[in-house]
Each structure stands twice: as structure tokens, then as C-alpha cells.
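Using the sequences and the hints given, assemble the complete structure.
Chains as they are written, first to last, in the working numbering: chain X, 10 to 263; chain U, 10 to 263.
Treat the hints as calculated values from the structure; they're not laboratory data. Incorrect hints may have been included.
Since copy identity is lost for identical chains, a pair holds within one copy or between any two.
Calculated cross-link-like contacts (lysine to aspartate or glutamate; reagent style DMTMM-like; alpha-carbon spacing at most 25 angstroms) [as the list claims (entries may be wrong)]:
(1) Lys-23 - Glu-42
(2) Lys-154 - Asp-17
(3) Lys-253 - Asp-156
(4) Lys-209 - Glu-133
(5) Lys-126 - Asp-96
(6) Lys-132 - Glu-111
(7) Lys-217 - Asp-252
(8) Lys-132 - Asp-96
(9) Lys-217 - Asp-17
(10) Lys-113 - Glu-146
(11) Lys-126 - Asp-252
(12) Lys-65 - Glu-133
(13) Lys-209 - Asp-183
(14) Lys-235 - Asp-17
Keep in mind that this is a model prediction, so the values were computed, not measured.
Protein chains: 2
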Amino acid sequence: MEGQAYIDPNETRKRVEVCFSPYLFPLYKEEFEIIVVIDVLRATSAICAAFHYGVKEIIPVSTVEEAQEYQRRGFLVGAERGGQIVDGFNFGNSPYAYMVPEVKDQTVVLTTTNGTKAINLAKECGQVVIGALSNLEVLQNWLAKQDKNILCLCSGWQNKFNLEDTICAGAICDHLLGTGKFHSVEDASIAAKYLFLSAKDNILGYLKASSHRRRLKNLNLNIDIKYCLNPNQAPVIPILQGDKLVAIEADVLI
Amino acid sequence: MEGQAYIDPNETRKRVEVCFSPYLFPLYKEEFEIIVVIDVLRATSAICAAFHYGVKEIIPVSTVEEAQEYQRRGFLVGAERGGQIVDGFNFGNSPYAYMVPEVKDQTVVLTTTNGTKAINLAKECGQVVIGALSNLEVLQNWLAKQDKNILCLCSGWQNKFNLEDTICAGAICDHLLGTGKFHSVEDASIAAKYLFLSAKDNILGYLKASSHRRRLKNLNLNIDIKYCLNPNQAPVIPILQGDKLVAIEADVLI
Numbered sequence: 010m011e012g013q014a015y016i017d018p019n020e021t022r023k024r025v026e027v028c029f030s031p032y033l034f035p036l037y038k039e040e041f042e043i044i045v046v047i048d049v050l051r052a053t054s055a056i057c058a059a060f061h062y063g064v065k066e067i068i069p070v071s072t073v074e075e076a077q078e079y080q081r082r083g084f085l086v087g088a089e090r091g092g093q094i095v096d097g098f099n100f101g102n103s104p105y106a107y108m109v110p111e112v113k114d115q116t117v118v119l120t121t122t123n124g125t126k127a128i129n130l131a132k133e134c135g136q137v138v139i140g141a142l143s144n145l146e147v148l149q150n151w152l153a154k155q156d157k158n159i160l161c162l163c164s165g166w167q168n169k170f171n172l173e174d175t176i177c178a179g180a181i182c183d184h185l186l187g188t189g190k191f192h193s194v195e196d197a198s199i200a201a202k203y204l205f206l207s208a209k210d211n212i213l214g215y216l217k218a219s220s221h222r223r224r225l226k227n228l229n230l231n232i233d234i235k236y237c238l239n240p241n242q243a244p245v246i247p248i249l250q251g252d253k254l255v256a257i258e259a260d261v262l263i
Numbered sequence: 010m011e012g013q014a015y016i017d018p019n020e021t022r023k024r025v026e027v028c029f030s031p032y033l034f035p036l037y038k039e040e041f042e043i044i045v046v047i048d049v050l051r052a053t054s055a056i057c058a059a060f061h062y063g064v065k066e067i068i069p070v071s072t073v074e075e076a077q078e079y080q081r082r083g084f085l086v087g088a089e090r091g092g093q094i095v096d097g098f099n100f101g102n103s104p105y106a107y108m109v110p111e112v113k114d115q116t117v118v119l120t121t122t123n124g125t126k127a128i129n130l131a132k133e134c135g136q137v138v139i140g141a142l143s144n145l146e147v148l149q150n151w152l153a154k155q156d157k158n159i160l161c162l163c164s165g166w167q168n169k170f171n172l173e174d175t176i177c178a179g180a181i182c183d184h185l186l187g188t189g190k191f192h193s194v195e196d197a198s199i200a201a202k203y204l205f206l207s208a209k210d211n212i213l214g215y216l217k218a219s220s221h222r223r224r225l226k227n228l229n230l231n232i233d234i235k236y237c238l239n240p241n242q243a244p245v246i247p248i249l250q251g252d253k254l255v256a257i258e259a260d261v262l263i
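In C-alpha cells:
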């Protein structure tokens with residue numbers, strides 16, 4: 010595809026776009042004020058679940074070593090690599106691990122294969138907000154009220170495109186474009202929206218063809234998958250303040 | 010998305026996958042024996058048109074400087090940047106420029122914004138074949154007979170995803186998967202196939218929403234776009250031999 014970017018000089022709407030993986034993020038990072046980090050299976054779904062069940066704050070760290078250091082200092086720490094709990098830690102990436110009384114009002118430290126890396130990549134470039142299917146509607150409504158350029162950053166899989174994050178990003182685009190206050194100029198955003206529209210009536214069925222199923226089905230994660238793909242189970246908006254994720258106060262969400 | 014790649018030890022079928030842009034190619038290049046380079050608007054469509062109208066061979070070069078050097082030596086040279094013919098050259102990227110008697114039996118040198126760069130990137134890693142909607146059916150049939158792992162490399166736009174190359178790649182995946190002799194393990198390939206299936210009954214209409222239209226409509230390229238998006242206008246298979254593209258002999262295509 011050739012040609013210059015076509016920028017309409019009369020365009021006043023804000024942009025909403027989709028970046029398919031952290032690997033592509035260098036092509037986008039200068040242009041956006043809000044970055045929605047999405048890792049549906051399972052990091053951002055687990056983060057939303059944790060806040061919905063009353064966790065006070067979450068510190069996302071990129072490496073297991075950082076997580077171990079926090080653990081030595083007495084923090085509750087979750088650590089996941091390759092779909093499993095890292096040896097020596099109490100939690101992994103399962104949303105259900107955070108639906109327990111022990112996390113209520115606590116600070117939790119979390120490191121995951123893709124999701125927390127994407128958060129730490131994005132935070133240099135804009136306001137990080139956590140997106141998942143589990144907080145979709147409340148997030149869409151909040152984003153629609155922000156007069157900001159928005160990038161949905163899919164965590165992907167091993168730096169490549171994945172379907173479930175893209176469908177979540179497409180749902181956000183579809184909603185924001187529908188308000189009339191946003192526009193998209195890139196084909197990735199249009200494709201994400203098309204894929205969401207094809208999937209929306211049966212997300213679980215749609216993704217049965219996808220590679221996540223082959224990867225996770227032998228990890229006995231079917232219960233987690235069903236939770237993560239079921240929209241609006243955790244109506245919270247985790248947002249990064251400094252190095253900590255906190256939930257936006259409920260009265261702001263109305 | 011977490012988890013390890015799930016490789017079925019009993020899998021004997023070859024793989025067909027899609028890489029959305031040259032920027033992502035480092036994540037793929039070790040694994041494939043045939044690389045189908047796709048730049049529907051307009052480089053690979055123009056290359057197919059040229060062979061269909063009798064050009065003998067095409068030398069793809071990455072830079073305008075290389076193209077100028079060939080021009081000094083008396084070659085016919087096409088050079089396109091940003092959708093337009095580079096000053097001082099006779100041809101650009103329009104398929105119609107190559108449907109003329111002057112190119113018959115000639116060697117043509119070509120440099121384009123994305124397409125020829127993708128060719129030169131891919132040639133280090135596998136057998137390069139040229140793909141476009143204009144040679145779709147003949148290419149699908151030929152690929153189905155190769156017992157090789159196949160990567161469709163979309164040229165994209167400024168290293169990002171574009172819809173028209175992805176739909177072409179999705180058409181190739183859909184056909185090869187349908188033969189039962191190939192499988193895909195990556196979500197990018199599944200998404201490309203889904204997008205093709207949504208688009209196939211009206212590719213021109215489907216792409217009206219896409220960014221290519223905004224970019225090219227003010228370059229008066231509507232005639233070219235219609236040609237490039239109309240399948241099977243140029244039933245040839247250009248293939249790289251050394252540094253030159255040549256057409257596979259017609260009797261091999263039957």
C-alpha cells in the first residue's frame with residue numbers, strides 16, 4: 010500500500026486506533042494521550058477482577074526478579090509465566106485467585122508474560138487504563154467522555170496478533186466511533202471493529218477456532234477462559250497512577 | 010495471551026500463515042519455505058500485469074539510487090514513491106503502465122515504496138512468489154500443489170497492517186486450508202481468513218471503508234484501484250530466481 014496519510018484539515022474529532030501487539034508499539038507511541046492496555050487471557054481480566062473484589066492497588070512489574078524482591082518485603086505477589094504460576098508464588102494469572110477475602114484492601118504486586126510488560130511499555134507514552142471484556146461497558150462509557158486520542162494496545166501473544174485482545178479493542182472502537190466524537194484512520198482499527206462485529210453474538214464460540222484454545226485447553230483453564238470472555242463481570246476501571254494501578258472512584262463512572 | 014505454542018506431534022500437514030507487515034517479519038522468517046509477497050495496491054498487481062502482457066523479467070530494487078543506476082545503463086525502469094512516479098522515470102506503479110507493447114520481452118527494473126522492499130526482505134528467507142488479487146486463483150492452485158510451509162507476507166502501509174493485502178492473504182489461507190493439506194496455528198491467519206470471508210462478495214465495497222481509499226482517492230487512482238481489486242485479471246505466477254522475477258511457465262500452471 011502506497012500513498013501519504015490522508016489527514017483531513019477540518020477533522021476535529023479525536024482518534025481511536027488499535028495496535029495489534031507491543032512489537033508494533035514504536036510505530037504508534039507518539040500520538041496518543043490514553044493507552045488502553047488489553048490482555049483478555051488473562052492479565053487484564055484478572056486485574057479487573059481483583060479491583061472488583063476490593064484490592065486497594067496493584068503494582069505491575071515486568072520481571073520475576075522484581076516480583077521476588079517485593080515478596081521478600083512481605084507483599085502479596087502474583088507471578089505468571091507461560092500460563093502457569095511461577096514456583097514460589099501464591100497467585101498466578103487466574104481471575105479467581107483474586108476473588109478472595111485475603112486481597113481486600115491490600116496492595117498486590119503482579120508480573121505476567123505479556124500484560125504487565127505492555128503496561129510498563131505504555132506508561133512512558135500516555136495515561137494507562139486497563140481494558141478487558143470484563144470491564145468493557147463501563148470502560149467504553151468512561152472513554153467516550155474523555156476528549157483524548159485513544160490507543161488500544163493489545164498485549165498479543167509472543168509479540169504477535171491475537172484474536173481475543175483484538176476483538177476487545179474492536180468493541181471499544183465500535184462504541185467510540187458510534188458516539189460520533191471519535192474517528193479512526195487506520196486499517197487495523199477498521200479490521201478490529203469488523204472482527205468484533207462478527208464475534209459479538211458468540212464470543213466464546215468465535216474464539217474456539219482461535220489459537221488460544223489450542224494453547225490453553227491443556228492447562229485446564231476452561232473456567233478462567235469462560236470468565237474472561239464473558240463481558241461486564243467486573244465493572245471497574247483500573248488506571249495507572251505513578252507505578253501503581255488504582256480503581257477510578259465509582260462516582261466518576263456514572 | 011499467555012501459554013506455550015501448542016504443537017500437535019501428530020500434525021503432518023504443512024503450515025500456511027500470514028504476516029501483517031514487513032515490520033513483523035523478524036518474528037516469522039525462520040520457519041517458512043515459500044514466502045508470498047503481497048502488495049495489492051499496487052506493486053504486486055503491477056508486476057502480475059506486466060508478466061501477463063509479456064514482460065520477460067523484472068528486477069526489483071529497494072532504492073531510487075539503484076533504479077537510477079539501471080536507467081543510466083539503458084534499462085526500462087519504473088519507480089514509485091508515495092503513490093507517484095519518481096521524477097525522471099517513465100513508469101510508476103500503475104498496472105496500466107505495463108500493459109503496453111514497449112515492455113514485451115523486455116527486462117524492467119522496479120522500485121516501489123513498500124512492495125520491492127518486502128521482496129528483498131523475504132528473499133533471504135525462502136522462495137519468493139508474487140501474490141495479488143489479480144493472480145489469486147492460479148496462485149492458490151499452484152501453492153496447493155507445493156508440499157511446503159507457506160507465509161503470506163503483506164507489504165502493509167508504513168510498516169502497519171492494511172486491509173487489502175490481508176484480504177488477499179486470507180483468500181490464500183482459505184483456499185489452502187480447504188484442501189485439507191494445510192493448517193494454520195496463528196490467530197493472524199484465522200483473522201485474515203475471517204476478513205476475506207466477510208469481504209469476498211464485494212471486495213471493492215468492503216474496502217471503501219478502509220484507509221486506502223482516503224489515501225489514494227485524491228491521487229486519481231480509481232481506475233488502478235478497480236483493476237487491482239478485481240480478481241484473476243492476470244493469471245501468472247511471478248517467482249524470484251536470483252535477483253530477477255520471472256513468470257513460471259504456463260504449462261506448470263495447469
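Results for each hint:
1. Lys-23 - Glu-42: Classified as within; 10 angstroms inside a copy, 43 angstroms across copies.
2. Lys-154 - Asp-17: within (23 angstroms within a copy, 47 angstroms between copies)
3. Lys-253 - Asp-156: For Lys-253 and Asp-156, the Cα distance is within 25 angstroms only inside one copy (24 angstroms; across copies 52 angstroms).
4. Lys-209 - Glu-133: neither (32 angstroms within a copy, 41 angstroms between copies)
5. Lys-126 - Asp-96: Only inside one copy: Lys-126 and Asp-96 sit 20 angstroms apart there, 46 angstroms across copies, limit 25 angstroms.
6. Lys-132 - Glu-111: neither (28 angstroms within a copy, 56 angstroms between copies)
7. Lys-217 - Asp-252: Cα proximity of Lys-217 and Asp-252: none, with 36 angstroms in one copy and 43 angstroms across.
8. Lys-132 - Asp-96: For Lys-132 and Asp-96, neither the intra-copy (28 angstroms) nor the inter-copy (43 angstroms) Cα distance is at most 25 angstroms.
9. Lys-217 - Asp-17: between (40 angstroms within a copy, 17 angstroms between copies)
10. Lys-113 - Glu-146: within (24 angstroms within a copy, 60 angstroms between copies)
11. Lys-126 - Asp-252: Result: close within a single copy only, 13 angstroms intra versus 41 angstroms inter.
12. Lys-65 - Glu-133: For Lys-65 and Glu-133, the Cα distance is within 25 angstroms only inside one copy (23 angstroms; across copies 52 angstroms).
13. Lys-209 - Asp-183: Cα proximity of Lys-209 and Asp-183: in one copy and across copies (11 angstroms, 22 angstroms).
14. Lys-235 - Asp-17: between (42 angstroms within a copy, 24 angstroms between copies)
Violated hints, listed in ascending order, are 4, 6, 7, 8; each of the other numbered hints is respected by the structure.
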